[in-house]
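From first to last, the protein sequence lines are chains L and R.
Per the numbering used here, residue 1 is the first one in the first sequence, and the count goes up by one each step.
Per the numbering used here, residue 1 is the first one in the second sequence, and the count goes up by one each step.
In case anyone wonders, no lab produced these hints; they're calculated from the structure.
Take the hints with a grain of salt, since some may be wrong.
Facing chain R, from chain L, some residues (calculated, C-beta under 10 angstroms) [what the hints assert, rightly or not]:
1) P20
2) I35
3) L41
4) T64
5) M65
6) A67
7) L68
8) R85
9) G148
10) Y152
11) S164
12) M165
13) L172
14) G214
Since the structure is predicted, the reported quantities are computational estimates derived from the model, not experimental observations.
We put the beta carbon where it would ideally sit given N, CA and C, even for glycine.
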Amino acid sequence: MTYKKSWSEESRAGAVQGVPIAFGYMPVALTFGLIAATTGLTFIEAVMMSIVVFAGAAQYMALTMIALQSSAAEIVFSTFVVNLRHVLMSASIKERADHSSKTMRALYGFFLTDEVFAVASVKEAPIKAPYILGVGVVAYSSWVVFTGVGFYAGAILPDVMQESMGIALYALFIALLIPSVKSQGASVMVLAVLGGGFHLILQQWLSTGWAIMGATILAVCVYEGIDQMRRVSNDK
Amino acid sequence: MTSNMIWIIIGMGLVTYIPRILPLIVLHTETWPDVVRRMLARVPYAVLGALIFPGILFAYDAIWYGLIGGAVAILLASIGTPLIVVVGGAIVVLAGIQLMPTLF
């Protein structure tokens, strides 16, 4: 198989898996566009933010802070804090991705939101760069386009549809988790339960970005601890 | 576009992009000890758990609403339906439940 052929196959496979994310982003981006309009951003500003930043939680937070007249420095720093968790995710992708050029990694790295990361990382290693790009570009297009649509028409979807779509991203995460539980067994379930459990605890004190990062680190460390203890007791 | 807004967008873009590419570009995880690499490989599942829970409970005003959506997704995913069907199915079921009172 030529490199070129596998490139287009991989990117197409990625694009297909990006469609559920595109669906999930739709209500989130529509709402972002709508709130951006009511916050006083221009159309260009709202769409540019989605084009340049591509980070849902951080963009929502920025709108709140802009409304509160926070300084640019405060907004940028908060964004940094919320998005720091991606260091962990990217390191995890690096570990599972097929080797590719630095430029390619710099390119697909742009698209690594929580959702793109989640879809890409449950694919069997080695994950190919065009696959990640395929997932990312489809998700990104939805994010940008529906930000623009939302700016002019928050109510483009019937209310009942808009409200029901709040489940979309959670359903996506569940759909990603279950096959891994089936193929790799209880360990995946234990990790996920630990992640969710620690998030529940940490959210009492931490904002979402920190809570997800903290919960992930704790879950992975506690799991490793349990695993090692089990191995020690098995050796006896 | 005001210059303040331009700085906000550029700044936000940079502090979002840098954490995403830093490990991909700078770090050489190949030389890291096995235990760290093993733990990194487990990150996706822990992240998924943290992304689903407890957020799904608070996706709607009523907790049971998210729980039903979650249950539908689990059911569809465990019988092996494609991603998009799991997502679409959860949306349709919740929309149906919301519409029900208006039908009677």
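Each hint, compared with the structure:
Evaluation of the P20/L hint against chain R yields a held restraint, the C-beta minimum of about 4 angstroms falling below 10 angstroms. The restraint placing I35/L at the interface with chain R is violated, with a minimum CB-CB distance near 15 angstroms, outside the 10 angstroms limit. Interface restraint check for L41/L: the shortest CB-CB distance to chain R comes to about 7 angstroms, inside 10 angstroms, so the restraint holds. Given hint, T64/L at the interface with chain R, is violated; its Cβ is 13 angstroms from that chain's nearest Cβ, farther than 10 angstroms.
Because the smallest distance between the Cβ of M65/L and any Cβ of chain R comes to about 9 angstroms, under 10 angstroms, the interface hint for this residue holds. Because the smallest distance between the Cβ of A67/L and any Cβ of chain R comes to about 13 angstroms, over 10 angstroms, the interface hint for this residue is violated. Against a cut-off of 10 angstroms between C-beta atoms, the interface hint on L68/L is violated, since the closest Cβ of chain R lies about 13 angstroms away. Annotation: R85/L was flagged as interfacial toward chain R, and the flag holds, the nearest CB pair being 8 angstroms apart, inside 10 angstroms.
Given hint, G148/L at the interface with chain R, is violated; its Cβ is 15 angstroms from that chain's nearest Cβ, farther than 10 angstroms. Proximity of Y152/L to chain R is violated relative to the hint, the smallest CB-CB distance being about 18 angstroms (cut-off 10 angstroms). Hint status for S164/L relative to chain R: holds, with the closest Cβ pair at about 4 angstroms, below 10 angstroms. Hint on M165/L holds. Least Cβ distance to chain R is approximately 6 angstroms, under the 10 angstroms limit.
Because the beta carbon of L172/L sits about 5 angstroms from the nearest beta carbon in chain R, less than 10 angstroms, this interface hint is met. Against a cut-off of 10 angstroms between C-beta atoms, the interface hint on G214/L holds, since the closest Cβ of chain R lies about 9 angstroms away.
Consistency with the previously given hints fails for numbers 2, 4, 6, 7, 9 and 10, ordered from lowest to highest.
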